[in-house]
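**Student:** Input sequences plus hints: build the corresponding full structure.
Just so it is clear: in the sequence shown, position 205 is 750 by our numbering, and no numbers are missing.
Mixed in with the good hints there might be a few duds.
What the hints assert, rightly or not - Straight-line C-alpha distance at most 25 Å; calculated SDA-like pairs for lysine to any residue:
(1) Lys655 - Leu698
(2) Lys765 - Pro722
(3) Lys645 - Ser613
(4) Lys620 - Pro764
(5) Lys655 - Asp632
(6) Lys732 - Glu601
(7) Lys620 - Glu601
(8) Lys732 - Ile605
(9) Lys732 - Lys645
(10) Lys655 - Pro695
(11) Lys765 - Gln753
(12) Lys645 - Phe668
(13) Lys655 - Lys620
(14) Lys714 - Ser637
(15) Lys732 - Cys742
(16) Lys620 - Asp771
(17) Lys620 - Leu758
(18) Lys732 - Arg596
(19) Lys655 - Asp592
(20) Lys765 - Ser637
(21) Lys620 - Ser608
(22) Lys732 - Phe668
(23) Lys732 - Tyr656
(24) Lys765 - Ala617
(25) Lys620 - Ala748
(26) Lys645 - Pro722
(27) Lys655 - Leu618
(28) Lys732 - Leu659
(29) Lys620 - Arg596
(30) Lys732 - Pro722
(31) Lys645 - His665
(32) Lys732 - Thr587
(33) Lys732 - Pro759
Hints were generated in silico from the structure; no laboratory data involved.
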Amino acid sequence: MAQRLSMAVGSAFKALSNPSREDMVAALGEVTGTLALQRMRTRMATDATGRRLLRERPVINTSTVSLSELRALPKHTLGRAYVSFLDIEGVSPDTRTPVKHMDDTDDELKYVMLRYRQVHDFFHVLTGMGTTLEEEIAVKWFELAQTGLPVALLSGVFGPLRLNSSDRKLLFTEHVPWLVQCGSSSKFLMNVYYEECMHLPIADVRQQMGIFLPPGFVPKDALIQD
Numbered sequence: 546m547a548q549r550l551s552m553a554v555g556s557a558f559k560a561l562s563n564p565s566r567e568d569m570v571a572a573l574g575e576v577t578g579t580l581a582l583q584r585m586r587t588r589m590a591t592d593a594t595g596r597r598l599l600r601e602r603p604v605i606n607t608s609t610v611s612l613s614e615l616r617a618l619p620k621h622t623l624g625r626a627y628v629s630f631l632d633i634e635g636v637s638p639d640t641r642t643p644v645k646h647m648d649d650t651d652d653e654l655k656y657v658m659l660r661y662r663q664v665h666d667f668f669h670v671l672t673g674m675g676t677t678l679e680e681e682i683a684v685k686w687f688e689l690a691q692t693g694l695p696v697a698l699l700s701g702v703f704g705p706l707r708l709n710s711s712d713r714k715l716l717f718t719e720h721v722p723w724l725v726q727c728g729s730s731s732k733f734l735m736n737v738y739y740e741e742c743m744h745l746p747i748a749d750v751r752q753q754m755g756i757f758l759p760p761g762f763v764p765k766d767a768l769i770q771d
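**Tutor:** Following this line, the structure appears as C-alpha cells:
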C-alpha cells in the first residue's frame, strides 16, 4: 500500500507538471484507477459486445489492424477517419503504454485498462478532436464522463493551467460543456468493437453511439482529402 501511495504521488507530480510524460500519466492512471476500472468492467460485462471484448481480448496495433487497408477505405468511413487521424497527428497504435503497475492476479482488469488506452484515439476521432493540448484536455473531460477514471479528472483540472487565457476560456466555455454532456449521454464507448466498425460511415457510428457535434463545429474527419 505504501509503495502504491508513493508511486501515485510521484507519478501525479511528474504527470501533471509535464503531461507529455506518457509513462507517468499511464502509471498515475493505473495506481489510482482500480475502482473506476472495476465499474467499467461491470458495464462491459452487462453488455453483449462488452462481454465479447472481455472474452476475446482483442488488441489494437499494427499487427492486428492493417493501416494500409484503412487508407484505402472511403474517406467518410470510421476506419479512414481513424488512420487519417494517426497520420496527421503523427501517432501510432503501437505506442500505447503497456500495463505495468496493476495487480498481476487480475488479468481481466488489466485488459480493461489496456483496451481503454488503445481506444483513446477513437474517442478523438468520434468527437472530431485533434491532439493539441487544449483538445487533449477536452477529450479527458469526455473520458471522465464516460469512465470516471481519476487520471482523467486530474488531467482535466490541472492540465488547463498550462494553457493561455484565451485557450482556457475556449476550453471551458465551449469544449468542456459539450464533451461532458456528450460523454454522459452517449453509449459506453468501451462496449464498441471498433475493429468491426471500420467500414461503417463515421456519421452512422456517431449516431448509433449518441455522439453529437455542436453547431458550426468542423470535425477533423471533415478535412480528409481523397
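**Student:** For every hint, state whether the structure bears it out.
**Tutor:** Hints versus structure:
no.: 1; hint: Lys655 - Leu698; in the structure: 20 Å, holds
no.: 2; hint: Lys765 - Pro722; in the structure: 19 Å, holds
no.: 3; hint: Lys645 - Ser613; in the structure: 30 Å, violated
no.: 4; hint: Lys620 - Pro764; in the structure: 13 Å, holds
no.: 5; hint: Lys655 - Asp632; in the structure: 28 Å, violated
no.: 6; hint: Lys732 - Glu601; in the structure: 21 Å, holds
no.: 7; hint: Lys620 - Glu601; in the structure: 29 Å, violated
no.: 8; hint: Lys732 - Ile605; in the structure: 21 Å, holds
no.: 9; hint: Lys732 - Lys645; in the structure: 29 Å, violated
no.: 10; hint: Lys655 - Pro695; in the structure: 16 Å, holds
no.: 11; hint: Lys765 - Gln753; in the structure: 19 Å, holds
no.: 12; hint: Lys645 - Phe668; in the structure: 23 Å, holds
no.: 13; hint: Lys655 - Lys620; in the structure: 34 Å, violated
no.: 14; hint: Lys714 - Ser637; in the structure: 30 Å, violated
no.: 15; hint: Lys732 - Cys742; in the structure: 15 Å, holds
no.: 16; hint: Lys620 - Asp771; in the structure: 7 Å, holds
no.: 17; hint: Lys620 - Leu758; in the structure: 18 Å, holds
no.: 18; hint: Lys732 - Arg596; in the structure: 15 Å, holds
no.: 19; hint: Lys655 - Asp592; in the structure: 19 Å, holds
no.: 20; hint: Lys765 - Ser637; in the structure: 17 Å, holds
no.: 21; hint: Lys620 - Ser608; in the structure: 23 Å, holds
no.: 22; hint: Lys732 - Phe668; in the structure: 12 Å, holds
no.: 23; hint: Lys732 - Tyr656; in the structure: 20 Å, holds
no.: 24; hint: Lys765 - Ala617; in the structure: 18 Å, holds
no.: 25; hint: Lys620 - Ala748; in the structure: 11 Å, holds
no.: 26; hint: Lys645 - Pro722; in the structure: 33 Å, violated
no.: 27; hint: Lys655 - Leu618; in the structure: 32 Å, violated
no.: 28; hint: Lys732 - Leu659; in the structure: 20 Å, holds
no.: 29; hint: Lys620 - Arg596; in the structure: 31 Å, violated
no.: 30; hint: Lys732 - Pro722; in the structure: 18 Å, holds
no.: 31; hint: Lys645 - His665; in the structure: 18 Å, holds
no.: 32; hint: Lys732 - Thr587; in the structure: 15 Å, holds
no.: 33; hint: Lys732 - Pro759; in the structure: 18 Å, holds
Violated hints, in rising order: 3, 5, 7, 9, 13, 14, 26, 27 and 29; the structure is consistent with all others.
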